[in-house]
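The chain contents come next:
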Amino acid sequence: MFFLKRLLFLIPLLLVISFLAFGLMRSAPGGPFDSNRVPATPEIERALRAKYHLDEPLLKQYVRYLGDLSRGDFGVSTKYRNHTVNDIIRQALPVSLTLGGLAFCFALGLGIPCGVVMAIRRGQWADHALGLLSLIGVCLPGFVLGPLLVLGLAVRLDWLPVALWESPLHFVLPTVTLGLLFAGKVARLVRESMTATLQSEFIIAARAKGLSESAILIKHALRLALLPVVSFSAPMLADLLTGSFVVESIFQIPGLGGFFVNSSLNRDYPLLMGLVLLYAALLLLFNLAADVLLVALDRRIKYE
Amino acid sequence: MALGLLLSGCGRSEPSADLVIANGGEAGSLDPATATTIEDLRVCMALFEGLMRVDPVTAQPVPGLAERFEKSPDGRTYLFFLRTNAVWSTGGRITAHDFVWSWLRVLDPATASEYAGQLFYIKGAEAYFTNKVRNPSQVGVRALDDLTLRVELVNPTAFFLDLCAFQTLYVVPRAAIEKHGDRWMRVRPLAVSGPYQLDQWRLNDRVRLRRNPRYWDAVNTHCEVVDLLPLRNASTAFNLYERGAVDIIWDKELIPSELYPFLRTNEAHRVNFHSFNYLGAYFLRFNTTRPPLDDPRIRKALAMCIDKQRLIDKILKTGELIAQGLVPPYTTNHLPVTGLPYDPAAARKLLDEAGHPGGRGLRRIEYSVESAGPSSPHAKIGVELQEMWRTHLGVEVELRQTEKQVHTKNQKSLDYDVSRSTWIGDYNDPNTFLDLFRGNNGNNRTGWKNARYDELMDQAAAQPDHARRTELLREAETLLVRDEAPIVPVYFFSGFNYYNSANVSGIWGNVLDIHPINAIQKKKSVVRRLSFVATAQAHPTPPTNHEPRTTNNGLRNTEHGTRSTLP
Amino acid sequence: MSEKEVESRKLGVEKTLDGLPGAIPQLSTNRAQLHLTPNQRSWLRFRRNKPALLCLVFLALLAPLVAAWPLVAPYAANAITDEQFQPPIWKHWFGTDVHGRDLLTRVFYGARVSLLVGVVGAGVALVIGVTWGAVSGYVGGRLDGAMMRFVDVIYSMPSIIFLIVLLTTLRATVAKWLINWFGPEAAPKSHLLLLVIGLGALSWLPMARIVRGQVLSLRQRAFVDASRALGASHARILWHHILPNVWGIVIVYLTLTVPSVILYESFLSYLGLGIQPPMASWGSLVAEGAAQINPVQIYWWLVVFPATTLVLTLLALNFVGDGLRDAFDPKGQT
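Protein sequence lines, in the order shown, are assigned to chains A, B and C. The first sequence stops at residue 304 when you use this note's numbering, and every number in between is there. The second sequence stops at residue 871 when you use this note's numbering, and every number in between is there. The third sequence stops at residue 1205 when you use this note's numbering, and every number in between is there.
By construction, these hints were calculated from the structure, which means they are not laboratory data. Predicted, not measured: the structure shown is a model, and the values here were computed from it. Hints may be right or wrong, so weigh each one.
[To be verified] Here are the simulated DSS-like cross-link-like pairs (lysine-lysine), alpha carbons at most 25 Å apart as the crow flies:
1. B:K612 x B:K653
2. B:K753 x B:K716
3. A:K51 x B:K708
4. C:K1047 x B:K716
5. A:K209 x A:K219
6. C:K1047 x B:K708
7. B:K713 x B:K753
8. A:K51 x B:K716
9. C:K1060 x C:K1047
10. B:K436 x A:K51
11. C:K1060 x B:K708
12. B:K427 x B:K375
13. C:K962 x B:K618
14. A:K51 x B:K483
15. C:K1060 x B:K713
16. A:K51 x B:K713
17. B:K713 x C:K1047
[Stated by the list, open to error] A partial selection of chain B residues facing chain A, derived with a Cβ cut-off under 8 Å:
18. P413
19. L507
20. Q709
Where is the CB? At the ideal position from N, CA and C, for every residue including glycine.
Pulled out of the complex, with its shape left as it was, chain A reads as follows (with noise of 0.2 Å):
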């Protein structure tokens, strides 16, 4: 079966990204031990690069990581020397889920809806009100968004709490500031692709058919209106993670975004690998996902 074949596909695509990876990471100027603190003599310095065997030939190195990655061993963190990285996944990768999940759900839930209307009522003022807020939706930058929302609901009206990640009602805002920018982008999309295929023949033909508008609209014109959503949603994956470190950072949410911007800004070497490989497979199968949708939606679509 072609999605088996896919499936199989998924262990030497990961491969083949944790060398380039690996390559990409090591060119980068700066190494993790380079902070403001130089290690006064070179045999501190030596021995520290020594216990993270930096100093063998980097072949050597992505050979002894492959080794320890067969035994689910991820290594230590450079930075958080008493935490290996399974232990720092472990922890944030739930919250991770969490807040990405509510967001991607918000992006929908708020974003196809709006573009449905927006696509039926298209060129009235309903149309042009809710495209108005989808467009400043996109432009706004999470941290300008999210400040703005936190003067106005938790500061000066007190709805909400400020930050930290302990409650539900401590995910309202996080999620809203996120999920915002990616709801513009779907409603747009579902805007355009909704109004190109109730111009198609066949909802015509439907039409002449005799059924009701609402049957219509359900059953056949939404199904292939999502078809860029769903090719859309695996990018939308990816911004969530760089976006979900600015939501993170202002809400101090312990989410795996911060974690991944700062081991770049680190040279966590270890941890930034690790999370490349988990991003990887996530994406990897998401892709996967979406393209068994595609089919799904569209029965005329066929891979081979």
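Given the coordinates of chain A, work out where chains B and C should sit on it, guided by the hints.
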């Protein structure tokens, strides 16, 4: 399973802590041997202790796990007598053998301790670290019996007791480390030697500390449960404080810098603002191996065009002090030096002498700063410096922002022209600053090697008489900042803590910005007598004559008056 | 809506200009226009779309102003004064920033950088992204798999590291090259050039995915088989039949790519990796302004003006994009 993951991702609603502190930045490592940053230190200090500990008022070292000590007349040998009631939190006495083991562990290359150099003042330590000596008994630290420790130094190091209060020299649980290796801090229960136990440690979330009832001074630990939040964003920290979710903000970067003048003067907020002198210097490094900066006249010309007061007033706004020398004037064992003044006319003359009248013939010089977010002052100061150098000297300077790791690497490999730097002192002595610019110090990073400077520093290190030593250090510093100028000191940091002194007490502004958490108390109805510390016992350093600036509403004096010796 | 629709079905004559979806497409009844080429007719339709036309005029006025800004600006780009944090007044319409620089000047200098970044990003997305996605979707099978996995692999790379590597390792070479071609004044621009290249290299990926999805769906349609039966080559089918149906989504996504690239640059400025001071871009100005948001004392002009300018320009771009899409829609009038 997905639902389970989701549910576990939900925040836990836990009972709130007695005291919540915004720590600023994540603690990298809490293992005393590998802790490096000040965020690490603050937590480490609560979990573990060494022979000495830090007095919360003056930041001077006072007896910790060692009840008393004796120093030989030549200053090279110390005898420490441990307390009989010093025990681990999980039981078992803390012995002198534990100390020996802990210090040797730091000196073991396999531990890869970045601060191992702090132990190199001990005889045989450096040789042991570099494997020139294999036998650990050759290192000058020995346990004479369970409660007595003898240390032999290479030189009569004046600040050795400060080092004993430094985290690298804390005592760690041998059994746990031998059993669990690198993961020893993740295993519960964790055996600690300090006033608090590690209750919880969630990265980027919080560190929760719980009072250790077995600590020898546990009766003076005030708060039962303390949370430290590794906040990264200044607005978030400020909002949390205003909401009452955070009690103390003790990292300067967690207050939006544009708000400083407002917070210092506004009636409602002024009571929270406590500033003090801080042992840190902001300076510029010159790459003395690259022309035209190999010419001291050009370096001095550039130095004399910097209007430091303008930078402080316009960009920083927190009342920093102009730096004449590299060492802050309120450091112990320090005599003030006169550095280069702000004198553009004299600078132009120097530039003429160097053969570049009006800046003619000088190539474009790069001023490197590390890239940081928009709230950081480095780039802003760079923009102002650009302007100053252009208007006064006609020198074109290009601002170059590099990412932090690259910035340090460029300094190390001498791939820069002028580079911005900071140094925070590790202990209260000029050596922590002046030692940097010895010819062979890895943190020199200017390419400047001066035999006379090294000679002066060596003499100072071996000099047991304090007055003479201070004089030698002053000579060295003058050579550094006035005569040769491979660096230009710009200002000394002003620290501040943000808390409401009506609710929170037990925290004082000291030059090291170290505040032992066990001394802090919040909103207790009965004001406890703070019998925290024994009187300073024959401490060799003369008292500071510079009165630190605090706005503690007189609390400080009351605490002083109730000092008493412990039984 | 159904009422109107019933009406138009009864009359069977005119389709309203808004192109009500579901309306039966009609030939234009304006006999005077029947002799025009399809392109000319599309332009006519575009001109009748008032909002889009207005926005096009706005952009057409903005572009030369921004391009000629160094000649027109009231203050020099880097004029540092002592008038810090002035609110908007007669002397400084947008207020001043921390160094006493005029914000209006900075905003328009920033426009130059941001629009450059946005245009290049959109251009790369258009050329490379559409081609990649179209070929991948049309050919299908193993090639599709390979091309999409290539996209996935690039996506998995940590983009920040990639940009750091690009910005640091190539900086010296690019600076030297610029000095050779443009003189020593151009050396600071090397960072900007590399930033633009790096951002462009990342911007085509989502477009490729979306176009691929659309093409996959379209190539199974009846008219493709019909064209094949008539002997049309693959290229012709792609260009004349499939792509025209994809332009709609492409244009919409292009208008989303521009803000996406500008905001990513803003994110980099937030981290300190973006445009170098003293240069500015809308992204860096917004990042600086965002740091000012706090409950006690806000210098509101530092956020409001850059953000509003950004939103207005992107809004205009969007309307123009919509107008183009409507005007050139093959499903509409012939």
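Structure versus earlier hints - violations, ascending order:
Structure breaks no hint.
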